[in-house]
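Q: Protein chains in written order, with the numbering used here: chain E, 1 to 374; chain A, 1 to 87.
No wet-lab data here; the hints were simulated from the structure.
Predicted model only: the values in this text are computed from it and were never measured.
You can take every hint at face value.
Computed, partial: chain E to chain A, Cβ under 10 Å:
#, residue
1, L194
2, V195
3, G199
4, G201
5, L273
6, F277
7, L284
8, L285
9, G287
10, A291
11, L292
12, L318
13, L321
14, N322
Where chain E lies over chain A, by a calculated footprint (3+ residues, C-beta under 8 Å):
#, region
15, 4-12
16, 20-26
Glycine included, C-beta positions come from ideal geometry on N, C-alpha and C.
Spelled out, the chains give:
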Amino acid sequence: MKKHASRRFHVAAVLILFFSVSFLLPASRTGDARLYLLAAAVPGCMLLLLFLPSGVLALDRPSLAAALCLCGLGILAPAAVLPENALSQGMRCLAALFFLMAGTVLLRLFRPSLPVAVGSSVCSFVLLACPFLFPGLDFSMSEGGTILLLLSVSAFLSVRARLPALIVSMSGLLILLLQEDLPSAAIWSITCILVFWAGSGSGLWSGIAFLGIGALFGLWSVLNPSMLAPSALSSSFPLSGFPVLPPEEISEVSEFTDSLFVLIGKQYGFIFLLCAFLLLLFLLLRGASIALHTRKSFHASLALGVILLIGTRALCFLLSLNRLVPFPAVAFPFLTDSLPDLFAQFFLLGILSAVSAQNESDLSEDIHLSMITH
Amino acid sequence: MKIQRFRIRIISVLLFSSLIAAFLLDIGSAWFPSDHPILSVIDSLVSPSEESVSEKGGPTDPALSPGSILSPDATPSAEPEYDVFGL
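Pulled out of the complex, with its shape left as it was, chain E reads as follows (with noise of 0.2 Å):
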């Protein structure tokens, strides 16, 4: 315990360390007071969210590391040239992890049945509606609606109830369909077919909802060919339009439009982007784990869920740089300037740290009945 406590102790050291020394270096040759402020705030935020006592929220330490890294890469990005830019990126992650325990206590209060499932589907439904509810909305709920809809076919699969959650699955891809959204749609319809393989026990039912899915796409591709038309592909790619600047050029744009993932190559190089992606896949590797060690089906397909919607969309932003996906580019998880994804992206943190929360608790049960015993 003392060896973990330390090692845990080493890891925070050392980040908080490298954020603000790499904020503090363009502060001082800037003089930026933003710059200052965040080589102050980020490494507090961080040392305050991995030392919180574990019985506060029951963080899943490992995997928030990750994403709070890759917070701060995302703040650090903008940084050197466009400091308002930076300090605009750390509020929206700090307004987000709000939603990191507020993911965490509604999976502590959220109990697998039929009505809840239902509830939550209907709460999906109306979620990912709402372009058509309120036309005038500027940014999309389509990644908060999938994840209720991942927390109702869960809680359908795990009651045994897989036509239902191939009922609600197949609703929810057609509202996304409908809306255009391609890139949540297709996300969601490689998290929906695995979730239903690996926790429907059943190849029947997935081969159904593969089949299903498959037939929805077909079908929405003869009503709008022009939506996968090369030329409408071209102009709605955000990353086809950024110039290819060398670093020392980069300082004299006013406002980046391009994906935080290809600014932090741009402004810090390869060493640096390595390191984002690497930390994606520790977070999916913890998630994983997680997942592989729950004693509920319910637990086990949601944690596998989470994993594929932030691997997917991983997997769809890395494919959209070489424009091997037929749909605009999708931001790497947890560099995107996007307050709806961010929201939602730690909102899904937070399960996965309530699942890990719950692994533990069931743990310590079985040590606590084994010491009865013997």
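Based on these hints, arrange chain A on the given structure of chain E.
A: Chain A only, in chain E's frame:
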């Protein structure tokens, strides 16, 4: 639960391998821009010899059309399309 764990393991392996493959593909595309010397070596290996082309009545494969990277008279572009990795 045992089957579920086994399937989760398979899905995780698939996810990790596809992520690593996509990342390596991005590195590859940034590392080897279209004017990289190694591509001309691959070009010479992949392109058919002049005799075989004349026997078939000229290059009909779209990959061998002028401008294609496999075309013998391809003019490499000055810069790669994406230089995400700063290579």
